[in-house]
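Novice: With the sequences and hints as input, model every part of the structure.
Number 1003 in the UniProt record's numbering belongs to position 1003 of the sequence shown; there are no gaps in the numbering.
Just so you know, the hints here were simulated from the structure itself, not pulled from any lab data. No experiment lies behind these values; they were computed from the predicted model shown. Every clue listed holds true.
Below, computed lysine-lysine pairings styled on BS3-like, alpha-carbon distance capped at 27 Å:
1. K904 <-> K887
2. K275 <-> K337
3. K514 <-> K482
4. K359 <-> K275
5. K219 <-> K109
Label-pair restraints from in silico Cβ distances:
6. E881 <-> Y614: 50 to 60 Å
7. G675 <-> N510: 30 to 40 Å
8. N506 <-> K254: 49 to 59 Å
9. E703 <-> T864: 46 to 56 Å
For every residue, glycine included, the Cβ atom is placed at its ideal position computed from N, Cα and C.
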Amino acid sequence: MSSDESDFDPDVQQNGNGPSPKKKTPANKMSVEKIYQKKSQLEHILLRPDTYIGSVEPITETMWLMNRETNHMERREITYVPGLYKIFDEILVNACDNKQRDPKMNCIKITVNQETNTISVWNNGKGIPVVEHKDEKMFVPTMIFGHLLTSSNYNDEEDKVTGGRNGYGAKLCNIFSSKFVVETSCSEYKKSFKQVWKDNMSKVTSPEIKSGSKDDFTKITFTPDLTKFKMTSLDKDMVDLITRRAYDAAASTKDVKVFLNGEKLPVKNFQDYVKLYTDRQDEDGDPVKIIYENVNPRWEVAIAPSDRGFQQVSFVNSIATTKGGRHVDAVVDAIVKQIIEVVKKKNKGGMALKPFQVKNHIWIFINCLIVNPTFDSQTKENMTLQKGSFGSTCKLSEKFINQVTKSGIIESVLQWAKFKEQNQLQKTSTGKKQNKLKGVPKLEDANDAGTKNSIDCTLILTEGDSAKSLAVSGLGVVGRDKYGVFPLRGKLLNVREATHKQILENAEINNLVKILGLQYSKKYTTVEDMKTLRYGRLMIMTDQDQDGSHIKGLIINFIHHNWPTLLRLPFLEEFITPIIKATKAREELSFYSLPEFEEWKEETTNWHTYKIKYYKGFYFLSLFTFYYTRIRIFRIRIYLFFILQVTPICYFLCRIEPEWYIPIIPMVLVNGAEGIGTGWMTKIPNHNPREIVDNIKRMIRGEDPLPMKPWYKNFKGEIDYCGDSRFVVNGEIAILDDDKLEITELQVGKWTTDYKDTLDTLLHGAEKVPPIISYKIDDDSEEEEIEEVFHDNELAKPQKTGPQVVDNDSDEDFNAGKYDALLERQERQAAEGEDDEAGSQTQEEEDPDKDYDYLLGMTFWSLTMERKNELLKKRDDKMTELNILKKKAPTDLWSDDLDALREKLDEVERKEKEEENSNITKIKSKLKEKGSKKRNPLSSLDDTMPSAAGRRVEPKYEELLIKAEKAAAPKKPRAVKEPKPPKEPKVKKEKAISEDGEGKKKKVLKQSKLNFEKARS
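Specialist: And the structure:
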């Protein structure tokens, strides 16, 4: 059944909720005449009233109504029938329209009789012409009040500013009334007219025409058919709504007095009407400020701040447009545009405001006359005419705009923006105290941060990573329970000048708030409030130069801007060191800022006699020397095997610059190399210099070198091969007890901070990575599961040794080059020795007249027998050394160098071990000298050493070896595909003839995964 067919089907419910609950007559028993019906327009209006006057069902809404006791408009909830309200409004708007036809009109009288349920509207001014219409053969009042689609508003070429448009209006009131009376008097025709309709305009009496009338008026009296509206009487809510519309008419119709039940309403103009809404106090007790302007004869605008979102009260040609429309949009958009410009200047750095956000703080009142307005329905609640067709413009004056910016709307918008910013910023903070944080890189969190002891914790903010290293070194003595460290990346964002978006997206600001546990919406006024923080104090540790002072100021600015009360509490601390020291004899002066030093210089005349030393950063800080020494011994590992290869020597005070160096062993294998070049790359790990020495000796003897594993000095883990050119670097992990593991060695190249981030993921878990640190370990599978964690944490990670691309691509090339260089050096040394011998033998035969400066330059004390014998002995030793050198082959010289290198390596490592033991002894003695009863958290050196009771977890490589074997296995050659046979030419198939005779292809269903689809034939 089509929609048109169902419109008049009595057995189909029209509200769209399905069939009527009444018992339906079977369709095959109903006649065609019963199913398909034709209705007259009058019958259609009565059958479908919502199309014309709105709903005829009671609804409950919150509306503005007049309180006659307080003489103010107030919002309250009422129950009314929109259709009944609309038929009254049609009559009232007609009365107001008469003002546009006759400017002399000055009075409207409205009477509501609740006893008889009768309403009447009377207006003076030009009456309806009491004359017979020649075409329609009836009087004009009879035609326009008793016949549908009749109106004086059908001429669209005429610019009219009235409310009538479609020709329904008053006829709808007549149709929905049990009695409808029209009375009018026209002085132009000197006649009066009266006619009565009854029973929903179905019955009408003959018009009563009287001559000799000199007055002009029109009066409509009607008794609504309350049964159509499911009512029995005009209740209080309906009367209050009629009263509000009477006030609307008084405001929207200029120079017209309005009487309600004989009482003149106290509204003379639109400005008086606006005061009925706004003449009150706001939330702070201040009177609401309204700005009013009579823009031109067709536009009146008033505006006030709104605390309930956007509100509008508007009239178009006396019609109450309760839903607004384009006339409201045109005025509001112009005002909002001006307000946003002012807000941008006052809200620098704040969130970017959109027009609708500013609009939500505006309460607009508009009374306008628009030419031939259009609406989205007969109820005329929303005006839809385009702005260009208004027939007039509403250009607000500069004075009005200036007054609007001072009305409190700007302050309301800024306050809301601040609140919104706080809410958005609050989302970046957790809102509750957390013990463990995740996702904050480079944070060294205090153990007690976020616990019940958090008030005693201090967060140290450092200027960069280098200062962080120094602070972390200090934690080795003062302990990590009460102190945390977080490095700043340069200067902190200036939150007063930054935009809201910059603050919201600034990772460093968000991290600070998260670490400290601050809440943007909270005020910290007492120590109890501070207990909600993760840290009870914030220590600023920056350099004492200008950059450090600037960073310090930006941190204080950040705290003061968001939590000014925190600065009144013992929250902020400063770690200061002198930037300049002036010393003279035993006198030492410290200056903590450059201006302080400059002031001292001006006041001290002999300042130049002092030794001035400038301290940049914390490098010179002696306060941490002890801490740093200790941590340096036990914490810092540099996996670069450093060997002093070159001694700086001079020749007559000029540095000798060799063309190239000939190392004893290939240093690229000692220190490793990794880089990328054009078309090449290289990756060479470090190797043990002792193994390199042994292999070189093997090659000197003509033997093949043995494979060498990568090796890193001081690395305590294991390095093992797991395949061709592949090896695994393993850290060290031990089991202390059932729920505690100890990691004492990380993989080579893995920084502690990066590994800590990995542990944070395991600790807190993620969407795809469940927390595994807290799981229980079974005895039977302990090592296997620990090994899983071992690999997940990258304590064991496979690496590859190649490709290795260097200038000498093989050890044999290095040996050949080294051999040639040694041979050349041996020949040169032998030649130099022979020249020296020949020179000493022919010295006496030289010309005595030569320069004797070498003799005259000798000191007197050198002309002794002892000196002579010493020189002769040195000569003999050199001759002996020369003879030995002549007898040795170049390979012998290289072997001697290798032996000397090995001895030097042993000597260097022995000295390092002695120095380490000496430092340990000094630290123990210093700790013993303190004699403090309260034990320092890390007063024992055992805290920095691996636990003796830990059970080492042995690394396993089965899976890695299997993968390596698969990777090294030769790949099977791909089978050669046979060429496909040529396709047969397609033959068009005849369409199958179905039973009904139509040619259709049979469609077969095939299953694809879980869905069925039609198979292509």
